[in-house]
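Sequence order for the protein chains is A and B. Using the working numbering, you'd call the opening residue of the first sequence number 31 and step up by one each time. Using the working numbering, you'd call the opening residue of the second sequence number 528 and step up by one each time.
These are computed hints drawn from the structure, not numbers from a lab. It is possible that part of the hints are untrue.
Said to hold, decoys possible - Heads up, simulated DSSO-like pairs for lysine-lysine below, C-alpha to C-alpha not over 30 Å straight-line: (1) 877/B <-> 62/A; (2) 56/A <-> 769/B; (3) 62/A <-> 769/B; (4) 877/B <-> 763/B; (5) 55/A <-> 877/B; (6) 55/A <-> 763/B; (7) 601/B <-> 769/B; (8) 62/A <-> 763/B; (9) 763/B <-> 773/B; (10) 763/B <-> 601/B.
Unchecked claim - Short, incomplete list of chain A residues facing chain B, as computed with Cβ under 7 Å: (11) 94; (12) 111; (13) 114.
As the list claims (entries may be wrong) - Okay, the calculated beta carbon distance ranges per label pair: (14) 659/B <-> 71/A: 30 to 38 Å; (15) 632/B <-> 59/A: 55 to 63 Å; (16) 844/B <-> 180/A: 55 to 63 Å; (17) 180/A <-> 843/B: 53 to 61 Å; (18) 574/B <-> 114/A: 18 to 26 Å; (19) 766/B <-> 44/A: 29 to 37 Å; (20) 63/A <-> 659/B: 23 to 31 Å.
Every residue gets a Cβ at the ideal spot worked out from N, C-alpha and C, and that includes glycine.
The primary structure of each chain is shown beneath.
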Amino acid sequence: MKAYIISIVGAILLSALVTALVSDKKMGRFIKGIARLLVFSVLVTPLVALFRGDGDLPSGASEIGTDSGYLARCTELLRESYGEEVGAVLADYPVWAETEISLSENGRLEKITVKIGQNGINEQDGHIDMTAGIESALEERFRCEVEVIWCNSRETER
Amino acid sequence: MTGKKLLIAALLLAAVLLIPHRANAAYAEGEEDVMEGLEQKIDELLAALDTEELQNYLDSLSKFGGVSVRDRLKSLITGDVSLDYASLGEAVLGLIRGEASVLLPAFAVVLAVALLCGILNSAKNGFMNSTMSDIINFIGFLSVGAVVLSCLISAISAGFETVAHMRRQMELVYPLLLTLMAASGGSVSAAVCRPAVAFMSGGIVSLFAEIVLPAAVLVIVLAFVGNLSDSVRTEKLGDFFKSVSKWLIGLSLGLFSLFLTVQGISAAQYDGLSLRAVKYVLSGSVPVVGGFLSGGVELVVAGSALIKNALGAFAVFLLFGTVLRPLLLFVALQLFLRLSAAVTEPAGGKISAFLSRLAGDLGYFIAALLSVAFLYFLTLLLCVCASGAIL
Chain A
31 MKAYIISIVG
41 AILLSALVTA
51 LVSDKKMGRF
61 IKGIARLLVF
71 SVLVTPLVAL
81 FRGDGDLPSG
91 ASEIGTDSGY
101 LARCTELLRE
111 SYGEEVGAVL
121 ADYPVWAETE
131 ISLSENGRLE
141 KITVKIGQNG
151 INEQDGHIDM
161 TAGIESALEE
171 RFRCEVEVIW
181 CNSRETER
Chain B
528 MTGKKLLIAA
538 LLLAAVLLIP
548 HRANAAYAEG
558 EEDVMEGLEQ
568 KIDELLAALD
578 TEELQNYLDS
588 LSKFGGVSVR
598 DRLKSLITGD
608 VSLDYASLGE
618 AVLGLIRGEA
628 SVLLPAFAVV
638 LAVALLCGIL
648 NSAKNGFMNS
658 TMSDIINFIG
668 FLSVGAVVLS
678 CLISAISAGF
688 ETVAHMRRQM
698 ELVYPLLLTL
708 MAASGGSVSA
718 AVCRPAVAFM
728 SGGIVSLFAE
738 IVLPAAVLVI
748 VLAFVGNLSD
758 SVRTEKLGDF
768 FKSVSKWLIG
778 LSLGLFSLFL
788 TVQGISAAQY
798 DGLSLRAVKY
808 VLSGSVPVVG
818 GFLSGGVELV
828 VAGSALIKNA
838 LGAFAVFLLF
848 GTVLRPLLLF
858 VALQLFLRLS
868 AAVTEPAGGK
878 ISAFLSRLAG
888 DLGYFIAALL
898 SVAFLYFLTL
908 LLCVCASGAI
918 L
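In isolation and in its complexed conformation, chain B is listed as follows (with noise of 0.2 Å):
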């Protein structure tokens, strides 16, 4: 009898352990069944997605030359894409050790002519008289000056051209972004949204560009000037555009930053309450399958908004690539600068002072391309976010 009533309990037991799993292997096909549909219908959407513009941009960049916009998307919305963050470490660090490599040879001219500077500095008082040890000063400054002014500009150049690609790229992708967004039932957030990505890719982006920017090299060219006279004085002239590039940086970055998550947060909340509506509705006669997508509208919906987050992601990725070398090139630089005016304190004479106040200035030229990216992104990311709530 005992082992009777063993026999049942086992075999009860075995039945309750086995049903769930019959449930659940039938509830994997189906999730199973959804995942591939949404997979066709994710096919379906990139081919309708006007991507051509953004291809032939890619194209144009030689360091993206023979990515497929497409393709990427997709291995992005799979997740096949991963990051190896020991190789981009060591990429970084080889960037800069190329800039600084190139600095080399301008850092041996600025440390011989400062060090020959301050030589004729203390014969001075010896045997030369002090008009020709002037003159020579003022020379030592010019080719101290040629040499910095040479690899400045082509740091300039490269900051103004961030600047410009930062633009084509808003232009290529922020009606990418409205479009998926509204097709992924954030309409609202979309309306919202427009504006706002219209006056960063217009209005910001021209005021860093024509305004700011501009008047970071003009700082920067009122120091070399300031110096080739004692009698010419332009530190005043010099601080106030200094002060007019760090107001116009400050404002920008303040409010519309502050705007912006004021205005995604609130569209988002609208698009989140109707579009729920619309789930529950659905959801409440189709057979759930784990709660997760429903029907075909829903995955029409979904895909939409896989879409989107991955076209965010490939942005930011787009705009991390192309910010990095100048911003290391800058960073190269200054640090050049500051370590050329440490080195050449102890010579004397104002070459010194001048390389100081010159990599004091490079700093708004950095401060306003890392705005300029900065709200780039914050744009991408309320973008993303703000529709990517309502599911």
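Chain A with its partners taken away, still in its complex shape (with noise of 0.2 Å):
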């Protein structure tokens, strides 16, 4: 575009500077009519090459990322509070337990495992009891998929 502006300006003082300079006989009349000319070129070929498509256009959108550190930071903080809030509710069962919190993208709860160390202590039925009586508090609470998983205390030492 600067060099279009600059174009059209040289165009015209040199139209201007003939004029002022060329009598008004024959020959100085066609020199004026040849200046004109120039300046119409000079105007008109680069729309000529911009409908063509040959011409160069403002680009478009440009690329925005995102900070990733910050977003990973944010959802290591989400994942801690979640699990915060998993442990204040496995406080009311008599269980030694770790838990796993899975976000998506969007930093939203998906999933709840919840892995719990065996003792030998609870019975075979009491297992059962304590696993619906975990995955019911903590879907009514979350709203999201969860899962019990019971291990012997040697893996959970391992």
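Take each chain as given, in its own frame, and dock them per the hints.
Shown next, in the form of structure tokens:
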């Protein structure tokens, strides 16, 4: 665009100079006509190129990224907070448990996995009741998928 | 008996009055703990936010040197920043006076040349022949043109620089805003706003920087050149480029602002519904303090939202500081040209008409600058408010 402006200005200045210097006789009028055609061609040529598709138009959208480090830190903090709240629910049950929190890309809670260490204290039926109770409490509270896994105490020590 | 009844009534009344106070005291203490937790969370989140590039940009500006982005955001969040409108008004008036005083010598030259040309025009019919008079008028016009051109060049350069600064600010602020929008629960809003802000910082600013502003410059140049010779007419050409500028400014402002508004409202509604569902679930089982913040999850979301709003406000202040001085320069220059045209009109000649035409043409430059600033402000407002409606 800069080049276009400079070329128009140059052509008009040249035309003005020629008009001022040249006489009004036949040759003079011919030269003035040429100068006007020059101005016309300088004006029109880039527009023709533009309509043909050869011209430069302003570039479209640019790339906008995000601060992935910040989002990762937020996800970590959310995971910690959800972990604390799950822990508060599990405090009502006489178990030792590890929790895994799965979050979606936009930080929504997707799944809670509770790994409970077996200490040989609870009976088989007690396991089923406790699993159902924990799943129900967590599903009601957090409205997401909940999985309760019972591990051997040896596996949890490893 | 009456005395005993009175005493019992007084004791009951005292009990009724005291209990809510104790409950309020406990309520206030709990809220204080939450606010302390929120402040700590905000400090943690601010430390995690990558503001290095924005800080480097601020350090490169002389008027904002020494300003720490994180400290400024923190003070905006805590409300420690106050706007002194009286001193702002004084600063603006001082800027206008400063620009006007720089233009005074130019005004004096223009007035002197116009008066001389006026005297010579009246002498044309007397002892001077018309050719000599025409030459002197031409030289007078060139002198006025050179003086006005020198003032215009500095203003136009400032205008182009301002647009470049606004583009740079968009490239620095938009990624942070989108990040904070996503982190504060506005993931749909962020996804919806991303192409809009990308088009703003790329397409719209390029359109103004590469077509509209150069077209405005060309109109000014044509006004100069068209007055050099009576046989070279450039009014229609100037009108064509003015029309192009007007249409581009009008279409960008109208269409883009409408598009942004509709997108922002619809995105916020979706995010609002899903996040309110989360709030309802959480606040149902966790002790609620004043119904406001009820747990660690909400502290993270609220912290990001507060930082986002503070960043939006900071970006608006930065935009205002960037645009104010060039805008006042253009306003002072336009006033100077109109005043010169008015004062030189009685002297006759084409200088008055030329100055008046230039003053009108300068308006396109001002309009282009204000359009870019307004669209930038609108996108900032939508980024802040679209996800701000959620909480």
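These are the hints, each one checked on the structure:
no., hint, result
1, 877/B <-> 62/A, "24 Å, holds"
2, 56/A <-> 769/B, "36 Å, violated"
3, 62/A <-> 769/B, "27 Å, holds"
4, 877/B <-> 763/B, "18 Å, holds"
5, 55/A <-> 877/B, "28 Å, holds"
6, 55/A <-> 763/B, "28 Å, holds"
7, 601/B <-> 769/B, "45 Å, violated"
8, 62/A <-> 763/B, "19 Å, holds"
9, 763/B <-> 773/B, "15 Å, holds"
10, 763/B <-> 601/B, "55 Å, violated"
11, 94, "5 Å, holds"
12, 111, "3 Å, holds"
13, 114, "6 Å, holds"
14, 659/B <-> 71/A: 30 to 38 Å, "36 Å, holds"
15, 632/B <-> 59/A: 55 to 63 Å, "44 Å, violated"
16, 844/B <-> 180/A: 55 to 63 Å, "58 Å, holds"
17, 180/A <-> 843/B: 53 to 61 Å, "56 Å, holds"
18, 574/B <-> 114/A: 18 to 26 Å, "21 Å, holds"
19, 766/B <-> 44/A: 29 to 37 Å, "22 Å, violated"
20, 63/A <-> 659/B: 23 to 31 Å, "29 Å, holds"
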